[in-house]
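*Asks:* Single-letter residue listing:
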Amino acid sequence: MNIRLQQVLKQFENNTIVNHVNLEIRSGEMFFLLGPSGCGKTTILRMLAGFYDPDAGDIYFGERKMNGVPPQDRNTALVFQNYAVWPHMTVFENVAYGLRLRKIPAAELESRAANALDQVKLTALRERRPASLSGGQQQRVALARAIVVNPDLLLFDEPLCNLDAKLRIEMRDEIKRIHARDKITSLYVTHDQEEALSLASRLAVMNAGSIQQVGTPFEIYNNPVNAFVATFIGEMNLFPESSPVARHFGCKDGHQIGFRPEHTKVSATLGSGLKARVLISIYLGSKNQLTLTTDSGEEIKAWTPEYFAEGAEVSVGVDGKYLHQFKV
Amino acid sequence: MKKIFLPLLFAFFAIFLVYPLVTLLGGAFFVETAQGGHRFSLEYFQIIFENSFYRDCFANSLAIAAWVTLVCILVTLPLAHMFLRFNFPLKSALSPMLLLPLVLPPFVGAIGIKQFLSRFGSLNLMLANVGLVDMSNPPDWFGAGGFAAIILLEALHFFPILFLSVQAALANVDPTLRDAARNLGAGGFRIFRTITVPLAMPGIFAGSSIIFVGAFTDLGVPLMFDFQTTVPTQIFNLVTQADNPLGYALVVITLVLVSILFVLGKKWGEGNYAMLARSATYEDVPKLPPAAGWAVTLATASLIFLSIIPHLGVIIQSFSSQWFLSILPTGYSAEYYGEVFSLPLTTMSMKNSLLYATLSATLDLVLGVVIAYMLAREKFAGKQVLDVLAMLPLALPGLVMAFAFFVAFSRPILPAEWGTQAVAFNTFWLGLFDPRKNPTLLLVIAYAIHRLPYIVRAAYAGLQQTSVSLEEASANMGARPMQTLWKITLPLISANLIAGTIMTFSFAMLDVSNGMMLAQEAPFYPVTKAIFSLMGRITPTAPSIACALGVLAMIFLAASLLLASGLLGRKMGQLFKV
Numbered sequence: 001m002n003i004r005l006q007q008v009l010k011q012f013e014n015n016t017i018v019n020h021v022n023l024e025i026r027s028g029e030m031f032f033l034l035g036p037s038g039c040g041k042t043t044i045l046r047m048l049a050g051f052y053d054p055d056a057g058d059i060y061f062g063e064r065k066m067n068g069v070p071p072q073d074r075n076t077a078l079v080f081q082n083y084a085v086w087p088h089m090t091v092f093e094n095v096a097y098g099l100r101l102r103k104i105p106a107a108e109l110e111s112r113a114a115n116a117l118d119q120v121k122l123t124a125l126r127e128r129r130p131a132s133l134s135g136g137q138q139q140r141v142a143l144a145r146a147i148v149v150n151p152d153l154l155l156f157d158e159p160l161c162n163l164d165a166k167l168r169i170e171m172r173d174e175i176k177r178i179h180a181r182d183k184i185t186s187l188y189v190t191h192d193q194e195e196a197l198s199l200a201s202r203l204a205v206m207n208a209g210s211i212q213q214v215g216t217p218f219e220i221y222n223n224p225v226n227a228f229v230a231t232f233i234g235e236m237n238l239f240p241e242s243s244p245v246a247r248h249f250g251c252k253d254g255h256q257i258g259f260r261p262e263h264t265k266v267s268a269t270l271g272s273g274l275k276a277r278v279l280i281s282i283y284l285g286s287k288n289q290l291t292l293t294t295d296s297g298e299e300i301k302a303w304t305p306e307y308f309a310e311g312a313e314v315s316v317g318v319d320g321k322y323l324h325q326f327k328v
Numbered sequence: 001m002k003k004i005f006l007p008l009l010f011a012f013f014a015i016f017l018v019y020p021l022v023t024l025l026g027g028a029f030f031v032e033t034a035q036g037g038h039r040f041s042l043e044y045f046q047i048i049f050e051n052s053f054y055r056d057c058f059a060n061s062l063a064i065a066a067w068v069t070l071v072c073i074l075v076t077l078p079l080a081h082m083f084l085r086f087n088f089p090l091k092s093a094l095s096p097m098l099l100l101p102l103v104l105p106p107f108v109g110a111i112g113i114k115q116f117l118s119r120f121g122s123l124n125l126m127l128a129n130v131g132l133v134d135m136s137n138p139p140d141w142f143g144a145g146g147f148a149a150i151i152l153l154e155a156l157h158f159f160p161i162l163f164l165s166v167q168a169a170l171a172n173v174d175p176t177l178r179d180a181a182r183n184l185g186a187g188g189f190r191i192f193r194t195i196t197v198p199l200a201m202p203g204i205f206a207g208s209s210i211i212f213v214g215a216f217t218d219l220g221v222p223l224m225f226d227f228q229t230t231v232p233t234q235i236f237n238l239v240t241q242a243d244n245p246l247g248y249a250l251v252v253i254t255l256v257l258v259s260i261l262f263v264l265g266k267k268w269g270e271g272n273y274a275m276l277a278r279s280a281t282y283e284d285v286p287k288l289p290p291a292a293g294w295a296v297t298l299a300t301a302s303l304i305f306l307s308i309i310p311h312l313g314v315i316i317q318s319f320s321s322q323w324f325l326s327i328l329p330t331g332y333s334a335e336y337y338g339e340v341f342s343l344p345l346t347t348m349s350m351k352n353s354l355l356y357a358t359l360s361a362t363l364d365l366v367l368g369v370v371i372a373y374m375l376a377r378e379k380f381a382g383k384q385v386l387d388v389l390a391m392l393p394l395a396l397p398g399l400v401m402a403f404a405f406f407v408a409f410s411r412p413i414l415p416a417e418w419g420t421q422a423v424a425f426n427t428f429w430l431g432l433f434d435p436r437k438n439p440t441l442l443l444v445i446a447y448a449i450h451r452l453p454y455i456v457r458a459a460y461a462g463l464q465q466t467s468v469s470l471e472e473a474s475a476n477m478g479a480r481p482m483q484t485l486w487k488i489t490l491p492l493i494s495a496n497l498i499a500g501t502i503m504t505f506s507f508a509m510l511d512v513s514n515g516m517m518l519a520q521e522a523p524f525y526p527v528t529k530a531i532f533s534l535m536g537r538i539t540p541t542a543p544s545i546a547c548a549l550g551v552l553a554m555i556f557l558a559a560s561l562l563l564a565s566g567l568l569g570r571k572m573g574q575l576f577k578v
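In order, the protein sequence lines correspond to chains Y and C. Counting along the first sequence from 1, when you hit position 10 you're at 10 in my numbering, and nothing is skipped either side. Counting along the second sequence from 1, when you hit position 297 you're at 297 in my numbering, and nothing is skipped either side.
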């Protein structure tokens, strides 16, 4: 189902949390909202779930306007950050809850719930209570509970941020596999860029209540529209117009210039490039992470395949296609 | 919820909390003029303060309350200190036993203690046997017509409550503050006197004010000793004289005293030291040397024994067929338990108490869930007011509420001048509430209002501990608000609700003030009033039957409390913390 937000505004006590946002989530895609804490991404998710109503603007599910529709009448399914698995019900009852509310006949209910549990590999634990499950297992219950009702919109509210690193990657793969199979229209809210880049069909980067950029992970990484997006996703060397480094690379008037560490070419042979000295050199095996300092005292981050010792004199260059000009 | 329930709740509080209090204040402060109108006046208060008998009543009640509080503080402060800081033999076994006195209403204990301490009671007979007492002129342990006995009984009943709050207050003092004093060279007693007690003072004061109010307003014990010169007994005597304004004024003075203490306690209790962060250090609880350890154990055990003497007296009396001028009964029988179940007075009273307690607990459950849910989960205008109204009964002693209920609901609510419809409404109103006709509805509501703050707090705490996202997840899955309430919210807070309901139920079973004042006719007596009524009879078996009824009540309360603490998974002590 196609989801649209038109000029959506949400304020809490005179603070504008979501500022006239326009957004479209296409049917069947895994759409990501990415941004720092407090940028309004969770507020958008909660408006889609129906826990908040927009103060202005409209939300459409397909052709149906959803303003004022209570949560229980939306057929969305939310995977909560803190799992929100009901502690007084077994794993199976948690998963069956939504089906019972939808008055699904017993035989179908049993097979659908069992199938959902099978999907998240929890079949063996179906009669257990949540208190005896690990965090990762509880989040699987929450995932099964959400997908089993065939929601029109599947919502993820930072579902992995309470899990440890290894489990997070496992769950990420699981979510990717389930989405690839069922193609449920999904909105996933996170501040973790790695999750976003690895799972998103498309993503929107948010800051201070406004959408900064919408696009595929490739588009956003390679063509960030402003300095915020450029530094929020991946790393970016940024220099104001007045700095010697910016002048060296040809910064436009009223702009700042940026380039990513992995696009920074470093050479030991001193050519026409910018002269710099290696300040810190961290060897990481697959790459070498350098902090360079120019004669004017500015620092540049560079990731290179070759090793440079600290103190080495080098020259720095960047291909024109990797230079980004951002309006100030 | 708010749309349906808010007007109903405010109507409920207006009728059953505000209206009685307004009636009470009106009766105390307004004097009828010759023209039939009313004018504001303090003359009733003047009459009371100029009357030496009422002055004596206040002096006695204040003295009783002060002595009880003092005795309790002197006993519990060292006791709580020992229990917190040291290990000694049998400590963990003695700790729960300290709460035993709470399972018996103190006035029932009075029956038991009479047998032991009266002039020709067990203690004097025992002492006479060893030649310490001359039975031709035995000493009067009750002191001044029961004054000392009242203090003893109330102190024995109330000290566990203070023990719990003092223990909590002492435990809250940051151990590193004591370490700092020790580090500078202060000895154990000096630290206790200069650091621990001053820092724990807010908690100690809060606990003491509860005891002071409890002792000041306790009706049962003075009544049992027929000690008439106290404020509660006079209020009780005046309650049925609805046209006598002195009762109103007495109750209002009591209310003012209690309010002052309550405000002071709240102000001080939430005191100055709340900001201090407590550092996370482990505390060493050293073992006392054997001699000192056993001394503490012995002292604690003696205190426990002393505190259950009334209980033992009641139990022994309930089985005794003959107990006169002997240390222990000379004849035993279980027949009084049979009589409890066959006498019309006792059977009716048990039925009544069960009915009142069940209905009030049910009413409290509904009110408690609705109010706690609204306070915890919803936003609406008037939330603060609802919160205050629901907590107000904490500051209203049973005596005050019972009196206000009686005077407010035994009179017409509308002036007769308003015409025939007003008169008709008054007839309907009095038919519903008038305690002189049938106190059932009024008693049920009185009990419910009394315990409402406790159940609201229990439910509110449960809701606070339950993540809102569990309810949101349910709505998100397609459940209507009522379905979410039934399937998610209520099951999750059920332990709190059941425990709170058991507390309401058991307190309603054993309340004294409301039953004594509101139930005027024998067919409506609750158990407590039936015990009083039996004690007033001259038939020789009446005290034994009364005690048998008391033992049943005791067992009942103990079982309820054990059940409640089991369900909440907490120690008994925590149930009594306000």
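Honestly, I wouldn't trust all of these hints.
Distance ranges between label pairs, derived from CB positions [to be verified]:
id	chain 1	residue 1	chain 2	residue 2	range
1	C	Q384	Y	I282	33 to 39 angstroms
2	Y	A124	C	L490	27 to 33 angstroms
3	C	L306	Y	S134	38 to 44 angstroms
4	C	Q464	Y	G62	48 to 54 angstroms
5	C	D387	Y	T231	44 to 50 angstroms
Residues of chain C clear of chain Y, computed beta-carbon distances all greater than 10 angstroms [said to hold, decoys possible]:
id	residue
6	L355
7	L392
8	L414
9	L470
10	E472
11	M477
12	A479
13	R480
14	K487
Everything labelled a hint here was simulated from the structure, so no lab data went into it. Remember, predicted model here, so these are calculated numbers, not experimental data. Virtual Cβ for every residue (Gly too), placed ideally from N, Cα, C.
*Asks:* Could you run down the list of hints and mark each one as holding or not?
*Replies:* Hints and how they fare:
no. : hint                                   : verdict
1   : C:Q384 with Y:I282: 33 to 39 angstroms : violated (58 angstroms)
2   : Y:A124 with C:L490: 27 to 33 angstroms : holds (31 angstroms)
3   : C:L306 with Y:S134: 38 to 44 angstroms : violated (53 angstroms)
4   : C:Q464 with Y:G62: 48 to 54 angstroms  : violated (39 angstroms)
5   : C:D387 with Y:T231: 44 to 50 angstroms : holds (47 angstroms)
6   : L355                                   : holds (32 angstroms)
7   : L392                                   : holds (30 angstroms)
8   : L414                                   : holds (44 angstroms)
9   : L470                                   : violated (5 angstroms)
10  : E472                                   : violated (6 angstroms)
11  : M477                                   : violated (4 angstroms)
12  : A479                                   : violated (5 angstroms)
13  : R480                                   : violated (6 angstroms)
14  : K487                                   : violated (8 angstroms)
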